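**Q** Here is how the chains run, residue by residue.
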Amino acid sequence: MIGRPGSAATTAAVAAAVAAAVVLALAAAPLVLAPYAVTVLTRILVFALLAMSLDLLVGITGLPSLGHGAYFGAGAYAAGWVTLHASPSGPVALLVALTAGGLVAAAAGCVAVRARGIFFLMLTLAIGEIVQQLAESWHEVTGGSNGLYGIPAARVGGAALVGDQAVHWWVLAVAATAAAGLWLLASSPFGHALRGIRDNEARMRALGYRVYGYKLAAFVVAGAVAGLAGGLLSAQQRLVTPAELGLGTSIPALLAVTIGGAGTLWGACVGAAVVVLVRDHLGASLGGHGSLLLGAVFVAVVYLLPGGAARALSMPRRRG
Amino acid sequence: MTDAGMTDAAMTEPGKGAALSCAGLSREFGAVRAVDGVDLTLPAGARHALIGPNGAGKSTIFRLLAGGLRPGAGRIWLDGADITRSSEARRARLGIGQTFQHSSLFLSMSAGDNIALAARRRLGRPWWPLPTSGRAERERADQLLAEVGLAGRAAAPVALLSHGERRQLELAVALASRPRVLLLDEPAAGLSPAESARLAALVGELPADVALLFVEHDLDLVFRLATRVTVMHLGRVLVSGTPAEVRGSAEVQAAYLGTGAREDLFTGGAT
Chain A
1 MIGRPGSAAT TAAVAAAVAA AVVLALAAAP LVLAPYAVTV LTRILVFALL
51 AMSLDLLVGI TGLPSLGHGA YFGAGAYAAG WVTLHASPSG PVALLVALTA
101 GGLVAAAAGC VAVRARGIFF LMLTLAIGEI VQQLAESWHE VTGGSNGLYG
151 IPAARVGGAA LVGDQAVHWW VLAVAATAAA GLWLLASSPF GHALRGIRDN
201 EARMRALGYR VYGYKLAAFV VAGAVAGLAG GLLSAQQRLV TPAELGLGTS
251 IPALLAVTIG GAGTLWGACV GAAVVVLVRD HLGASLGGHG SLLLGAVFVA
301 VVYLLPGGAA RALSMPRRRG
Chain B
1 MTDAGMTDAA MTEPGKGAAL SCAGLSREFG AVRAVDGVDL TLPAGARHAL
51 IGPNGAGKST IFRLLAGGLR PGAGRIWLDG ADITRSSEAR RARLGIGQTF
101 QHSSLFLSMS AGDNIALAAR RRLGRPWWPL PTSGRAERER ADQLLAEVGL
151 AGRAAAPVAL LSHGERRQLE LAVALASRPR VLLLDEPAAG LSPAESARLA
201 ALVGELPADV ALLFVEHDLD LVFRLATRVT VMHLGRVLVS GTPAEVRGSA
251 EVQAAYLGTG AREDLFTGGA T
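If you're matching them up, the sequences are chains A and B in order. Going by my numbering, the first sequence opens with residue 1, and the numbers climb by one from there. Going by my numbering, the second sequence opens with residue 1, and the numbers climb by one from there.
Worth flagging that the hints you see were computed from the coordinates, not collected in a lab. Mixed in with the good hints, there may be bad ones.
Reference listing, derived: stretches of chain A covered by chain B, where coverage requires no fewer than 3 residues with Cβ under 8 Å from a Cβ of chain B [what the hints assert, rightly or not]:
#, stretch
1, 176–188
2, 198–212
With beta-carbon atoms standing in for the labels, derived distance ranges [what the hints assert, rightly or not]:
#, chain 1, residue 1, chain 2, residue 2, range
3, B, G55, A, T177, 38 to 44 Å
4, B, N54, A, L282, 44 to 50 Å
5, B, L130, A, A296, 39 to 45 Å
6, B, H163, A, A107, 43 to 49 Å
7, B, N54, A, A20, 56 to 62 Å
8, A, S145, B, G30, 51 to 57 Å
Predicted, not measured: the structure shown is a model, and the values here were computed from it. Don't be surprised by glycine CBs; every beta carbon is placed ideally from N, CA and C.
Could you put together the complete structure from these sequences and hints?
**A** And the structure:
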């Protein structure tokens, strides 16, 4: 009893120290890396935040979504539109992106979280496709299939975010803050309840928990953080196309969560790095067969590392 | 003297003084009437056993009372309030606690966290989105673990607990929300004689105002714990009375204990 809070605090302190070291290393990276490598690292950060938000649903709440790109895309479009037409402020764009992701997720979640398992998966897929169709057909706002282009550099603290370094540091600051927020949420009583729902939804109901409310709240938070990641994408690429909303985003995000190990949050970051590097960089050197290679990596992980990289790194596997 | 004297007419009223009662409770699965017009009244402090062969409808009654299943007909009252249409979660918040026939725990968590999840719903702010010290939950968990015979096992992962330990933990989880009505579905199933004796002692120590309804195949345990026994057969109440009345009932002897089903009754008990 006396040892437990102490050891939990020690574990948390070690985790915080490792996280701080990783953030410091990422912050120092632009000083030593070539500009192209910095761009890649920034893209990994954006994608890692998306994957972490999806892990809150998939790994922690036990809701496997195939439509998470919709909330990411909603945030990207909202941030791009605001920067183009309303305000050049970077924080304002991100706030709008967060809100947009959360609102779209709230609307979708009301319907989706009533379903379970494969039905939940199909509903999120269908809603994701509807949102993508909307983005392609609502020309006045989204620019149709061309998307939003010529987005000006966002301004943060009076300076425009131009150059790979400035963009990288902005993305890192926001992503690290959001990741810390997700980690706090996952460690809270609310996060504990979400794990309870994942483990045994019927028992949670029998204990008096309003399961629907918890699931909906998790869905909205995951959508809002995905929207925030979309806002970061808009600030980095300064171009948003309908491709960001569809399966082209949703599936790699789910792959990242699975490869990294669902339910740990940090595993999703590892998975995100693997996905971006394999698909976009290793794949590019193989004549554009990145997706094929990613598929092969996924199959290998499922067979060799059930539970993903996080499980493989933190506990020995038992054979049945 | 006891509620043995209540008439059917009295039971269709939301029983005065009853913690939990039901009247005309029925549920069909396809052509099978799993539960067929069952009346039960549990006053506060009741120690009421539900026995009968497999398929008698005991577990179905539990699910109907706890809200996991909706009745085809009949009504249910908790402290005089009609809860027939209330959700399972609402009934739990109103004071119904339960354990299940098959172990129903949070398998990725420690024993202490299983209890904390139940205790926190009761202690308040289960939705709080920032980390907390969790001291109140931990203290409650340690206290309950000691009560059920799992002292010092708070950090043990549930996945590594034995069957008997899981049954003990189930009970601790159910008690963590301080229920006023406790439904235990075969609490002694698969327990060793020593574990079974501990369970009996624990039930003896339940707060006096908690109404207990339990399904059990171990008749020794039933007659040791229960002050009232209801025998079910094919979805209906065959006999309901004191343990002595049930033991002495020719109807039970003939229709149930005498048919070779007695061995069946002991399948969940000690060897």
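**Q** Compare the structure with each hint and give your call.
**A** Results for each hint:
1. 176–188: holds (count 4)
2. 198–212: It holds, with 13 qualifying residues against the three required.
3. G55/B <-> T177/A: 38 to 44 Å: violated, 58 Å
4. N54/B <-> L282/A: 44 to 50 Å: This hint is violated: roughly 59 Å between Cβ atoms.
5. L130/B <-> A296/A: 39 to 45 Å: 41 Å Cβ-Cβ, so the 39 to 45 Å window holds.
6. H163/B <-> A107/A: 43 to 49 Å: holds, 46 Å
7. N54/B <-> A20/A: 56 to 62 Å: Since N54/B and A20/A have Cβ atoms about 59 Å apart, the given range 56 to 62 Å holds.
8. S145/A <-> G30/B: 51 to 57 Å: Distance hint for S145/A, G30/B holds at roughly 53 Å.
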